[in-house]
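Could you put together the complete structure from these sequences and hints?
Line order of the protein sequences matches chains A and B.
Residue numbering for the first sequence follows the working numbering, starting at 878 and increasing by one per position.
Residue numbering for the second sequence follows the working numbering, starting at 1102 and increasing by one per position.
Hint data in this document are derived by calculation from the structure and do not stem from the laboratory.
Since we're looking at a predicted model, the values are computed, not measured.
Hints should not be assumed to be uniformly reliable.
[Claimed, not checked] Lysine to aspartate or glutamate pairs mimicking DMTMM-like chemistry, simulated, CA-CA at most 25 Å apart:
#1 B/Lys1183 with A/Glu1026
#2 A/Lys897 with A/Glu955
#3 A/Lys959 with B/Asp1124
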Amino acid sequence: MEIKPELYKDMTEAVSPKSKSYVNIPMAFLIGGAICLLGECLLNLFEYMGLPKDEAGSWTSITLVFLSALLTGLGWYERIAKHAGAGTLVPITGFANGVSAPAIEAKTEGWILGVGAKIFTIAGPVILYGTAASVVYGICLVVVKFFTE
Amino acid sequence: MLEYIWAFIIGGAICAVGQVLIDYTKLTPARILTGFVVAGVLLSALGIYQPLIDVAGGGATVPLTGFGHLLAEGIRKDVEEKGLLGIFSGGLTSSAAGITAAMLFGLAAAAIFKPKDK
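What follows is the structure, encoded as structure tokens:
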């Protein structure tokens, strides 16, 4: 039997595990929702301790980022992420995971061009394009301000 | 109590949108994260994101769209106070705590933990 590329493609598709959306999407919803719920609890805890709203928000982010870096180092975050998909990717913990995981893996490549550079593998594009988008918004605001004052 | 339910539902829903993008498009995780931050800036600029935070709290601030909102809000505040300079200073000022925490704890994790065997 001659194996043609199309047939080979069908064969690999038949044996490779399918990503099932009817499982993936509810899982992302549940675990993502749970992380946000934890964030809401922390937010209220910090406000209860007497912090103003914006400071409570910053401390919530810092706490979640800390927990994420710790779980990433222990190898637990990846295990949860296997089931949660976007549920662990989209929250700020996913961003922190995207910072710590490559940093840990790059250790063997040295501290400057290894850890120092690879720590920005995910953070780099996120911060760059986020900042760029906010600058575009800032320019619009300045223009509006110029014509309305 | 209601705010906790909304935090769970809205936060979960934003993550579910991410999962739909993963399952039905060829977008990589890095592209999705970048897209969510830019989307957050846009939604905040259009005035849609703040009402969402008013209802969902952590459900809207914890996802990366909330990070984008933080950037936009910082710009809005600084442009109001400093004008043109605000464009350069506002975004990273408001998001400094989160970014510094991610870098600091990432560096600490690299110092403490060993890379996994591949």
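Status of each hint after checking the structure:
no. : hint                     : in the structure
1   : B/Lys1183 with A/Glu1026 : holds, 14 Å
2   : A/Lys897 with A/Glu955   : holds, 19 Å
3   : A/Lys959 with B/Asp1124  : holds, 14 Å
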